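*Asks:* So the chains spell out like this:
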Amino acid sequence: MDAVVTYSPFVASGIRITVALSLLSLLVAVVLGLLGAWAKLSGSYAARRIAELYTTFIRGVPDLVLMLLLYFGGQMALNRLGAITGLWKHIELDAFTAGVLAIGFIFGSYMTETFRGAALAIPRGQVEAGLATGMSRPTLFRRIIWPQLVRHALPSFTNIWLTLMKATALVSVIGLEDLVYNGYAAGKATRMPFTFMFIVLMTYLAMTAISDLGLRWLDRRYSAHVRAERPA
Amino acid sequence: MSLTEFSENYAPVDFMLVAQHWPLFLLGLRNTLILLAGPLALSCLFAVPLALIRANRVPIANRIIFAYTYLFRGTPLLVQLYLLYYGAAQFSLIRDTFLWTILREAWWCAFISFTLCSTAYITEILRGAIETVPKGEIEAANACGMSPSTRMRRIILPNAFRRALPAFSNEVIFTLHSTVLASTVTIIDILGAARLFNNKYYLAFDGFIVAALLYMALVYTINRGFKFWEGKWHRHLSRERTT
Chain A
11 MDAVVTYSPF VASGIRITVA LSLLSLLVAV VLGLLGAWAK LSGSYAARRI
61 AELYTTFIRG VPDLVLMLLL YFGGQMALNR LGAITGLWKH IELDAFTAGV
111 LAIGFIFGSY MTETFRGAAL AIPRGQVEAG LATGMSRPTL FRRIIWPQLV
161 RHALPSFTNI WLTLMKATAL VSVIGLEDLV YNGYAAGKAT RMPFTFMFIV
211 LMTYLAMTAI SDLGLRWLDR RYSAHVRAER PA
Chain B
20 MSLTEFSENY APVDFMLVAQ HWPLFLLGLR NTLILLAGPL ALSCLFAVPL
70 ALIRANRVPI ANRIIFAYTY LFRGTPLLVQ LYLLYYGAAQ FSLIRDTFLW
120 TILREAWWCA FISFTLCSTA YITEILRGAI ETVPKGEIEA ANACGMSPST
170 RMRRIILPNA FRRALPAFSN EVIFTLHSTV LASTVTIIDI LGAARLFNNK
220 YYLAFDGFIV AALLYMALVY TINRGFKFWE GKWHRHLSRE RTT
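Residue numbers (this note's numbering), protein chains in the order written: chain A, 11 to 242; chain B, 20 to 262.
Everything labelled a hint here was simulated from the structure, so no lab data went into it.
Just so it is clear, the structure is predicted and the values come from calculations on it, not from any experiment.
Watch out, some of these pointers could steer you wrong.
[Unchecked claim] Calculated lysine-lysine pairs in the DSBU-like style (CA-CA distance at most 35 Å, straight line):
id, chain 1, residue 1, chain 2, residue 2
1, B, Lys219, A, Lys198
2, B, Lys154, B, Lys251
3, B, Lys219, A, Lys99
4, B, Lys154, B, Lys246
5, A, Lys99, B, Lys251
6, A, Lys176, B, Lys219
7, A, Lys198, A, Lys176
[Stated by the list, open to error] Estimated spans, in silico, between C-beta atoms of each pair:
id, chain 1, residue 1, chain 2, residue 2, range
8, B, Ala236, A, Ala57, 37 to 43 Å
9, B, Glu150, A, Leu51, 41 to 47 Å
10, A, Ala56, B, Ser168, 16 to 22 Å
11, B, Tyr29, A, Met145, 40 to 46 Å
12, A, Gly127, B, Gly155, 25 to 31 Å
13, B, Gln39, A, Ser18, 49 to 55 Å
14, B, Glu24, A, Gly224, 23 to 29 Å
Idealized CB from N, CA, C, for every residue including glycine.
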């Protein structure tokens, strides 16, 4: 028990890395997802093909392989590109950045499908009505599309977020000192691998449970009007 | 310029060198396939009774199984695997018994944790499918005088399996994705082979590209297989649509 107390700040610093990594990758994923959905729904043939290629590629390659590829290959590719174009000098891609980019890139493809489905669920007439009342495109997006996009996308968004959080455990493989890495190191140092891995497991479970509750609350808020209609 | 020369100096991946090491990648492929098929087959076997218990809300067992699926679906597989592989050694109770001959082996730890994890996922998929079998079909089965077990065997399960097929195909792909974790505990699966290959020649990422291509080929094959399977099982649906 003493060992657990001694090592708790060490494990806590791992939690901080895991949470920061999850949130930043989520941001990347949402941006890529919105871009991807826009590309898939756009009239441009090339944009549709690129988005299609992106989602198929991600489905075909396991996340860890992609992460290793990006971590070891991405740096080389970036530097070669920099040397050719002369735009930047030597870049060091650290494990954290590689992790955020890889996880964001992977989950962006799942977000693409989510947002595409959600956007398709918005009746076309509402967009036309919005334009007819003289709304500008940004206003239309903010007042009509966004609230409904969130509502339709939320259930699947919840799933993706939970999967994403678990996927961040993989960054320990490329040496980033996240929750898993620190838990493993602490277990090794104290010769109590089970105890520390169990703490790590329970921490992930707690993060899952908290997100689940939070997102369910959000879901209730965004679909309040739908629920109110039901009893009638 | 010879092919070898081109491969060594100009190609993005030295494919001749990869070709020379085909037995290594074949071994990786074999191990990946075993780690995919074995746990999946076992999971399907275990998931059916568990899903039935969940769907029928059998008093205490339902709670226990829910706790199990929640735990395994709510935590990373990597941590589950580490817990079993590194954690088991902490207890002398395990180290001194025959259990140690199993839990000492990375291979068995991977096999067990993959099975436990995908059983949890498949149980929940199947439970959802069983619960959404239309009420009318169940009532019709009752009206025909089917016993509960006949009703289960002839009406509910076939319907649920068909309904679960798309989600199941997704699950198979995700299971394939998660088999790469075996390489973190020294098993030579496709990714493990790629890592060995990289280390041997001080390459940064060439092996990973080969691995990525192999995984893509596997996913493509699995997708094809499921398309075919869905075509067979959902044939009555497509006929309805055309008429």
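*Asks:* Each hint should be assessed against the structure and marked as holding or not.
*Replies:* Now the hints, each set against the structure:
At roughly 28 Å between alpha-carbon atoms, Lys219/B and Lys198/A fall within 35 Å of each other, so this suggested pair holds. This hinted pair checks out: Lys154/B and Lys251/B have alpha carbons roughly 25 Å apart, not beyond 35 Å. Note on Lys219/B and Lys99/A: the hinted pairing holds, with a Cα-Cα distance of about 30 Å set against a maximum of 35 Å. A C-alpha spacing of about 28 Å is found between Lys154/B and Lys246/B, which places the hinted pair at or below 35 Å, so the restraint holds.
A threshold of 35 Å between alpha carbons decides the hint, and for Lys99/A with Lys251/B the separation of about 57 Å lies outside it, so the pair is violated. The suggested pairing of Lys176/A with Lys219/B holds, with an alpha-carbon distance near 31 Å, which does not exceed 35 Å. About 22 Å separates the Cα atoms of Lys198/A and Lys176/A, which keeps this hinted pair within 35 Å; it holds. Checking the proposed 37 to 43 Å range against Ala236/B and Ala57/A shows it is violated: the Cβ atoms sit about 27 Å from each other.
At about 33 Å, the beta-carbon gap between Glu150/B and Leu51/A misses the expected band of 41 to 47 Å. A C-beta distance of roughly 57 Å is found between Ala56/A and Ser168/B, which places it outside the suggested range of 16 to 22 Å. In this structure, Tyr29/B and Met145/A break the distance hint of 40 to 46 Å, their C-beta atoms being roughly 55 Å apart. In this structure the hint that Gly127/A and Gly155/B lie 25 to 31 Å apart at CB holds, the actual value being about 28 Å.
Look at Gln39/B against Ser18/A: about 50 Å separates their beta carbons, and that is inside 49 to 55 Å. Glu24/B and Gly224/A have their C-beta atoms about 59 Å apart, which leaves the hinted 23 to 29 Å range violated.
The structure does not agree with the numbered hints 5, 8, 9, 10, 11, 14 stated previously, though it agrees with the rest.
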